[in-house]
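Trainee: Next come the chains, spelled out residue by residue.
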Amino acid sequence: MSQTYLRKTGDGSGTAMAEGPDWLEPVRRAAMDRFTETGFPTARDEEWRFTPVAPIAQGTWREAAGTGRGITREQLAPFIFGHPEWTTLVFVDGVYVEALSSGGALAAGVRAGSLAAALRADGNLLEKHLARHAPIETSPFTALSTAFMRDGGFLHVPANTDLSQPVHLVFVTTAEVAGSVAHPRNLVVIERGARASVIESYVTLAPGATYWTNAVTEVVTGPNSWLEHTRIQRESERAYHVGLTHVEQQRDSHYRSFSMAMGGALARHNLHVRLSGENVETLMYGLYLTRGEQLADNHTAIYHDQPNCRSWEVYKGILDDRSRAVFNGKVFVKPEAQKTDAKQTNRNLLLSDTAKVNTKPQLEIFADDVKCTHGATVGRLDDIALFYARSRGVPAAEAQRLLTYAFAAEVIEEVALEPVRDELERLVRERLGTV
Amino acid sequence: MLEIKGLRASAGDKEILKGIDLTVKVGEVHAVMGPNGSGKSTLAQVLAGHPAYEVTAGQVLYEGKDLLDMEPEERAQSGVFLAFQYPVEIPGISNAYFLRAAYNEIRKAKGLEEVDSMDFLDLLEEKLRLVEWGPEIMNRAVNSGFSGGEKKRNEILQMAVLEPKLAILDETDSGLDIDAVRIVARGVNALRRPDNATVIVTHYQRLLNYIIPDRVHVLVGGRIAKSGGKELALELEARGYEWLEEEAGAVL
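So the protein lines, in turn, are chains A and B. For the first sequence, the residue numbers in our numbering are 696 to 1130. For the second sequence, the residue numbers in our numbering are 4 to 255.
Derived by calculation from the structure, the hints in this document are not laboratory data. In this text the structure is predicted, and so the values were computed from the model without any measurement. C-beta: ideal position from N, C-alpha, C; glycine also. Take these hints with a grain of salt, some might be off.
[Stated by the list, open to error] Partial list, computed: chain B residues near chain A (C-beta under 10 Å):
id, residue
1, E76
2, Q80
3, E108
4, N146
Same shape as in the complex, but just chain B (with noise of 0.2 Å):
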């Protein structure tokens, strides 16, 4: 589904991401693990197209396409769904709004009609269920006001209604109590199916109890340091990131 082959990207003058690989089969889910600066927020929001970073090498094929040549809403339409670490606030529109407008741009993209606002709240309303809310928060201004749970549980809330084959969690986790983890996490596994695949970004092993990956890896100093099963995020989490941060050093 995902294939990422030698990937380098800056900020500026800055090169982030140093020459990544990474291969995402339909119906796996994928953690990518780190210590902060590691690059691993860079890599997820280069997958989403980012104006922020350049590509400087590499390459990235999505269903086989180019998806670095392609718009960020031609990402989003063809099926790859990015939950911000910082989502964005957006005074002046409602949820309900915001989220029906990319709906109906997703479903028109597709060739599909798209919904009335009736329709979309009938829809609406399992998605609610799935991150227990009530349909108050739809009438609330996009993110505007939200605590930090609130606002990553709208972001599993989006990726819940807009149902993306590729689905990247930038740090969704970070910052949340255990009970809102366990939403997002419920969230995450409901939507899980053989034909979509799942990238976890995070810091923290904790996530992981509730997803299972199928892999782990770990990025030090913008390149991939070490791969493994779901084992390995255990073990990250009783031996930190220093041991692999030194033989990454020893390396360069």
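In isolation and in its complexed conformation, chain A is listed as follows (with noise of 0.2 Å):
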């Protein structure tokens, strides 16, 4: 199966392969020996037990190459939010186009753009961290992002230094795209002291088309600093999204991530955080919203390698008509991460009887004096609810989706940032059909 994809990818000239600094061939030539190896996941592997991957298997992709030529900004419009401010990156079919973008004013010493213009000029600041902390060994998809990586967000934030406004990182599909694959490869370094908000949105022009994002996003934030991090899935109903997010953070920093799943065909997000410091906090929140056939997966992963640090995750899905979901929440705790404190839960809401959720918790805990929980639910609406909005005049399909809305929103409402709270609402709302 993964024939196919090297062939009309990676023919083995290498290419292919974008070019890069000297440190990062052998890294990329790894990654292609990784995934030569193993090839795509089947159903037969664990972490793909409920998520065939074979329509991307066995498809033939071309390398996507966005120019950006046609795209207007008045097209990118509805996708971009907040203040005029903001550093807004876009990138088009995979590659950065400038004229696109917006600056926004930043802080001295910060650098947010391109990763491909920042691999050709600053190599070095790039080796420490590009393709070091997501391992090749995660799942085939990394391994494929680390050989065929070209561009994508990079974000440097020094240390002490308050990112006052957020970088938005659009990466936008356009009806060139449909048939071929990009890979995003983002890099987010927070240093020491630093605060900073990312958010990145996969979006298309092409709501029908059929392509393929395999999307890697690499962020480590030094001591005592704060990222909130959105990340917002609205590719095309039809196309595949696979994407990973690492994190490592360092001791007394603070993460916390909204994961927004709405499109795709099959859309597969994986959040893996490791806690390599004491005193850590961790919020990890998501929402995925899934119609039609579509299958939203997500699996998360937190590592509490270190003593005294808190996560706390809270996943919901909204499931109509056929579509599925699954949720995979895995916590470890090893044996020196005394007083651990992991919260885990993951709701889901039917509106059909033909929707479906696989749902699992995984924690696998080595220290003995730690509080970990966790709690999963599938179910529908409340009728004693519903009742309650209708006995107050709310007609019964107004009530079911302000009901609908309101379970979306608990979770909405833990994003720090205001304008991204209130995009994601709109984003629920435009769905659900409420004003």
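With the hints as a guide, bring the two chains together.
Mentor: See the structure below:
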């Protein structure tokens, strides 16, 4: 299966693998070797049991080569939110397009731009981090990303710098992308004592197109830093989206993630957070909305390697029609990670009789003085709550939408940045047809 | 305004209301009292259209219309309001959002224009004062994390905003301290008008010190065992419900 892909994208000559500094070449080569060895995952692979990737594995995919020509700012307007002074980096079909991007007023020393450009200009800063955190063993898709990555967002916030405005990375696909694959690759490094907000949006101008996005984001939060990271996935409902976010958290840092998944025929997101220092706080929130035949798969893994850390996770799903969702939440607590406080919740709301959820918590705890809880629910709207709304004059259909929206809004409330919260709420209202 | 004739209702296999006859005229306040399990809350919920109960016999006319034939939202839109014994928590949407949605739906049903959030806030100000609340409560999620007293007060606030013609208060006073009872009573009294009516379902006589009923009915075993004037409530307070239960038992 993997050969199909290799024949089309990596013919072994190395030309398909993007150019870069010398140190990167062996890294790419090792990743390619890894993928050649493993091939695509199959249903026998526990990690992919409920998410068959055959449509990806059996497909033939060109490498996306965006130019941004013919795309206007007006076309992108529906995907841009927040304030005009935010830094917005636009990638069309996998490639950075400066003409569509807008640089905000960034504090001194902050780097925010294209990863490809950074690789050309600043290879050494990247060498320490790029492809050093997300192991190619994570999944065959991660190996492919490392082998074939070309471009993506690069954000570096130096020590004790407060990035007052967020950086928004917008990955937009166009009709030209049909039948191709892009490997957006992002690197976010927040140094000691710094504070930042990053938003990743995966959106499309071709809502009916079939294409494949294979995204990897590596994040490092330095000691005592603060980062809010929002991911909004609104791909074409015929597209395949596979993504990994890998986070390294150093001591005393605060990382909060919100992962929204609405698009894709098949959408898989892995969020892996390694707590490699003490007194770390990690908040992981997620919301997936599926309909038709969509499949949304969220796998999260939190590695409590050090003592006195707290992780808090809430993922919610709203499923309609014959759509499916998969949730797998791993919590690993090492023997030395005493006083770990970890809580995981996955709640699913079914709007139809034919929607289906596979949810599985997976806790592996090797320390004895810890507080770890998990809970998962799959259910329908509460009859009594519906009656309550109706008894106030709200018609049945509207009451359903109102309560469905409330279910989603409860987790969106956890987003710290107000314009992001507003945008997420707007997207949910738009999907549910409420005003 | 409200005419209940031979009303019987069940929850699952269990018959709870076994033939209720009750007439409430415009401008009146009726108290429905009774021991636990007598069916008084069921009566209140059936009138609002609670899905857990099935009406098996009888008729309820509200302003001459067949109330039982109306969906819960239609009842609300035509002026029926039930203050819930256990108000429902709705995390995720604010009190303001929920109440404005309800207010606008009722206006829409009357063919009136919807109000925007600014105008709604103006309208709220006066209603909030009635229940001695500041505006902050409106930003909190509906009943979510509210104390028992706050939930009941929120029901009265909703009632004040929606201005029903027929208000049914289901054990709104239960579990409240005396200050909260006073606030609830003040809200109810302020909303009393010659063109509306109130049915107060309660276990205790205490609320009736503040809201003087025109009629008091005692429900025992799913039937009205006794009706009378306001002095009946005092008698119940003094004597308890046992004597009525015994009388009803003798009849059964």
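Trainee: May I ask which of the numbered hints given earlier this structure violates, with the numbers listed in increasing order?
Mentor: Structure breaks no hint.
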